[in-house]
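Asker: Sequence:
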Amino acid sequence: MSQVRQSHDPSIKKMKIAIASTDQKLTAKVDQRFGRCPYFLIVNTKDQKLEILKNTAVRASRGVGISAAQLITDQKVQAIIAGNFGPNAIRVLQTSGIKLFTASQSTSIDKAISQLKKGNLKQVTADTI
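Counted the way this note's numbering counts, the sequence shown spans residues 93 to 221.
Possibly wrong hints are sitting among the right ones.
Derived pair list, reagent style SDA-like, types lysine to any residue, alpha-carbon separation capped at 20 Å [stated by the list, open to error]:
hint, residue 1, residue 2
1, K168, S198
2, K108, K214
3, K210, S196
4, K108, K168
5, K146, Q167
6, K141, I158
7, K108, G175
8, K209, I221
9, K106, K146
10, K106, K209
11, K106, G189
12, K121, I134
13, K106, S196
14, K141, Q167
I should point out that these hints are in silico values taken from the structure, not numbers from a laboratory.
All chains should be built: construct the whole structure from the sequences, respecting the hints.
Answerer: What follows is the structure, encoded as structure tokens:
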């Protein structure tokens, strides 16, 4: 069972966030599969700078969550938003000090960022699949 709690961290308004995305646009949906999402959109909430990162781990047959988590840690983000996280990915991300948040499959990237800034996304501390 995953542990979930609301986030009210004011530092979120000034951090680099990665979001598992179904496409390369801010209007795309949050991908529900952290390790298998096609893209990560990386947003700096301080200046709204956007980077698009292709998930090179998506086609691997094994170890996708760990590979995707390493890709994200290399980007020096402070938080990640996805629909679900597996146990191996969570372990790598948490060891790197990255905060993990979940958003529903109907949530767009721009809405997820807004919800995170307002403290309306759930922070997870254990796998969600």
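Asker: All hints are to be evaluated individually against the structure, with a verdict given for each.
Answerer: So, going through the hints one by one against the coordinates:
Between K168 and S198, the direct Cα distance comes to roughly 27 Å. Violation of the 20 Å bound is thereby established for this hinted pair. For the proposed pair K108 and K214, the alpha carbon gap of about 18 Å is at most 20 Å, so the pair holds. About 16 Å separates the Cα atoms of K210 and S196, which keeps this hinted pair within 20 Å; it holds. With a CA separation close to 8 Å, the supplied pair K108 and K168 stays within the 20 Å bound.
For a cut-off of 20 Å, the pair hint linking K146 to Q167 stands: about 12 Å separates their Cα positions. With a C-alpha separation of about 26 Å, the suggested pairing of K141 with I158 is violated against the 20 Å cut-off. Between K108 and G175 the alpha-carbon distance is near 18 Å, which keeps this suggested pair within the 20 Å criterion. Between the alpha carbons of K209 and I221 the distance comes to roughly 25 Å, so the proposed pair goes past 20 Å and is violated.
Restraint check for K106 and K146: not satisfied, since their Cα atoms lie roughly 24 Å apart, outside the 20 Å limit. About 9 Å separates the Cα atoms of K106 and K209, which keeps this hinted pair within 20 Å; it holds. The suggested pairing of K106 with G189 holds, with an alpha-carbon distance near 16 Å, which does not exceed 20 Å. This hinted pair checks out: K121 and I134 have alpha carbons roughly 14 Å apart, not beyond 20 Å.
The straight-line distance between the Cα atoms of K106 and S196 is roughly 23 Å, outside the 20 Å bound, and the hint therefore fails. For the hint linking K141 to Q167, the alpha-carbon distance of about 14 Å falls within 20 Å, and the restraint holds.
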